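Mind docking chain B on chain A? Use the hints.
Protein chains: 2
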Amino acid sequence: AVAMPAIAQSAPEVKWRCTSSFPKSLDTIYGAAELMSKTVAEATDGKFQIQVFAAGEIVPGLQALDATQNKTVEMCHTASYYYVGKDPTFAFGSAFPFGLNARQINAWFYHGGGLELLNEFYKKYGVYMLPGGNTGGQMGGWFRKEIKTTQDLQGLKMRIAGIAGQILAKLGVVPQQLAGGDIYPALEKGTIDAAEWVGPYDDEKLGLQKVAQYYYYPGWWEGCASLTFFYNQEKWNELPKNYQAILRSAAAQANGDMLANYDTKNPAAVQRLVKAGAQLRRFPNEMMDASYKAAQELYEEIGAKNPDFKKVHDHAKAFRNEEYLWWQIVEYTYDDYMVRARTRG
Amino acid sequence: AVAMPAIAQSAPEVKWRCTSSFPKSLDTIYGAAELMSKTVAEATDGKFQIQVFAAGEIVPGLQALDATQNKTVEMCHTASYYYVGKDPTFAFGSAFPFGLNARQINAWFYHGGGLELLNEFYKKYGVYMLPGGNTGGQMGGWFRKEIKTTQDLQGLKMRIAGIAGQILAKLGVVPQQLAGGDIYPALEKGTIDAAEWVGPYDDEKLGLQKVAQYYYYPGWWEGCASLTFFYNQEKWNELPKNYQAILRSAAAQANGDMLANYDTKNPAAVQRLVKAGAQLRRFPNEMMDASYKAAQELYEEIGAKNPDFKKVHDHAKAFRNEEYLWWQIVEYTYDDYMVRARTRG
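Just so you know, the sequences run in chain order A and B. Each position in the first sequence, counted from 1, maps to that position plus 1264 in the working numbering. Each position in the second sequence, counted from 1, maps to that position plus 1264 in the working numbering.
Simulated from the structure, these hints should not be mistaken for lab results. Since we're looking at a predicted model, the values are computed, not measured.
Because identical chains share one entry, a pair is satisfied inside a single copy or across any pair of copies.
Cut-off 25 Å, straight-line C-alpha distance, at most; resulting in silico cross-link-like pairs (DSS-like, lysine-lysine):
#1 LYS1302 / LYS1505
#2 LYS1581 / LYS1539
#3 LYS1505 / LYS1279
#4 LYS1302 / LYS1499
#5 LYS1434 / LYS1557
#6 LYS1557 / LYS1569
#7 LYS1469 / LYS1409
#8 LYS1279 / LYS1311
#9 LYS1505 / LYS1311
#10 LYS1409 / LYS1474
#11 LYS1434 / LYS1409
#12 LYS1569 / LYS1387
So that you can see chain A by itself, here it is in the shape it has in the complex (with noise of 0.2 Å):
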C-alpha cells in the first residue's frame, strides 16, 4: 500500500478528445488516428482515453489547429499545411513542392533536425508537433484534357490549394479551393477543368474517372503529404512522463502504419482506376522544369518577407538535396531496375 500514491501519479485517468480534420470515408488517414487512440488505450489498460472525432463532429475540418490552440480539444489529427493561410511556414509540417519523399521527410523529421525546427515554430500557436502518418506520393490528379505543354495550363481551372496553387498560378492556372465532395460536380459541370485529390486508393472514391479521364503523374507539389499530430503545448506539458512516452511511440507507429496502409491499397486502386477508364500520363518534363522554377521564384518571394519560412525552406532544401545525392544511388537504382524485372514474373 506504500506504494499506492506513486501508482496513481504515473496512471491516473485521463481523458482526451481528438479532433480529425478528416472524415471517416477516408479511411487510412482517420485510420491512423484510431490506431494512436487504441494503442493508448491499451497501453494504459484505458485509464488515458483518447476519443477520435470525425471532421464536423465537434468543429470543422480545417479548424482542427485553432480548436487545439483554443483547447476545445487536447489535440488533433490534421496536416499542417492546412494552414499556410495563417502562416505559409506551416507547408513544412506537411509538404512543399519538389519537396522529401516519404522516407526522406521523416529522416529529417526524427534525424535530421526538422521536428525541432518545426516545433520551435509551432510555439507561437501553442501546439506540440508529432508526425501522425503520410500518404506516400501523390497524383497529379484529374485533367478533362491532355496537358501537351506549359500553354496548356493558360487559363484552366484547377481545384488545387496553397503553396501549389500559388506556384500553378504563375503558368497560368487559376486555382480553385473547393472540398472534396464537390469536386465531383465541378468536373461534370465543366465549372473546373481538373482536380488533384490523393492519390489512387482515395480518388477511387469520388469516382473522379468518370468526369475526367486523364491521370496526371507524379503530384510534384507533394512528393508525399505528411499528417499531422497537434498537441497543446500545456496539456500536453500537464501529462504525466509516462504518458508522454506512450504517445510519443503511438504516435511514430501510426505514422509508419498510415504509409504502409497507403502503399498496400494504392497498386490495387490505380488498376481498378485505369480499368474504369482512366488514362495514365506523365507531366511533360517541360512543364515540370517551368513548375520547378516558379516554386524556387515564389520560395525567394515568401522568404524575403517570412523569416520563419526562410530558416525552414533553407534547412529542409538542404536535406533534401543531400537525401537525392545519395538516392539516386541505390535507391533509385534498384527500383529502376526492379520496375522492369517485375514484368518478368
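Coordinates of chain B only, in the frame set by chain A:
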C-alpha cells in the same frame, strides 16, 4: 484500495533481457533496440525493464534466435535471414534478392499479410516476430577490380552470405563467410576479392575503401534489410495486455526510427567515402539480368523441396509485383525528376 489488485495486475515489475546480434559500434542498428528499451521503460514508469546486451555479452550474435527459443533470454534483436541455415524461409523476415524495398516490406508486414504469414512459420521455433528496423537499400559492396561483365565474376572470392551467396555461386562466385571484423585484413591480403557489408555509414567504419576501391550499387540482394525482434512465444503470452501493446508500439517506433537514422547518415557518409578514394560503380545491367535469372532458378529449386519457402516466396513476390506496378507511376517518376532537379539548387 479496492482497485489495487487490478493495478498490480496490469503494472507488474518485469525484467527482461534482450540479446542483440550486433556490436554497439553498429550504432544505428544497436540503437533501435536501445530506443525500444527506453520507450518501454518510460511508458511503464520503469516497471517493465528490458536490458539490451551486445553480441557476445550473453551469447554470440548468431545464436540470438536459439537463446530466445530456449529462454536464455526473453527476446532478441537480430536479422531473421541470419537463420537461413535452419530454413531458407527465414530470409523473408529480412530480405530476399530482388525483393521488396523498405517501404514495400513494411507494407507487406503490416497490411499485406506478411507478418501473419511469417509468424505462422516462426511458431515452429517458439518465437513471435515484430519488425525491428530497416537499413534501406544496401550497397553491392567493395571490389578490388572492376566488374564489367558477368564473366568477371568467375572464380571471384566474395564475402557474401546466405541466399545471395548461392545465387552468385551460380554465376561463378566463390562465396565466403566472414565476420565484419575479418573483412579488412582478408581484402588487404587478397584472400578475398570482394566483400559486401551494409551501406556507406556502416561500411565507412570498416575502412574498406583503403583496400578495395570499387564500390558497387545497387545491392540487389538487399533492396532493403529489415531487422527483427523475436520474442519467446511463452514469455510474450505471459505479459499483461498493456505490456504487449507497449512492446508492439515501441517496436513499430524503433522500426521507423532506424530507417530514418540510416537515411539521415548515409548521404554524408557516401560523400566522405568518395573523398577518401571510393570509386562508385553501377552493376552492369547484363550482370543484373543474369543475377535475376539465377535468383529465380534458386527460388524454384528451394521451393520444390520446401513448402514453407514456396508459400512465403509466392506471397511476397506477388506483393512485390503489385508494388512495383504502382511504384513506377508516382514514386519512381518523382525520384527520377528529383535526382536531376537537385543539381539545380
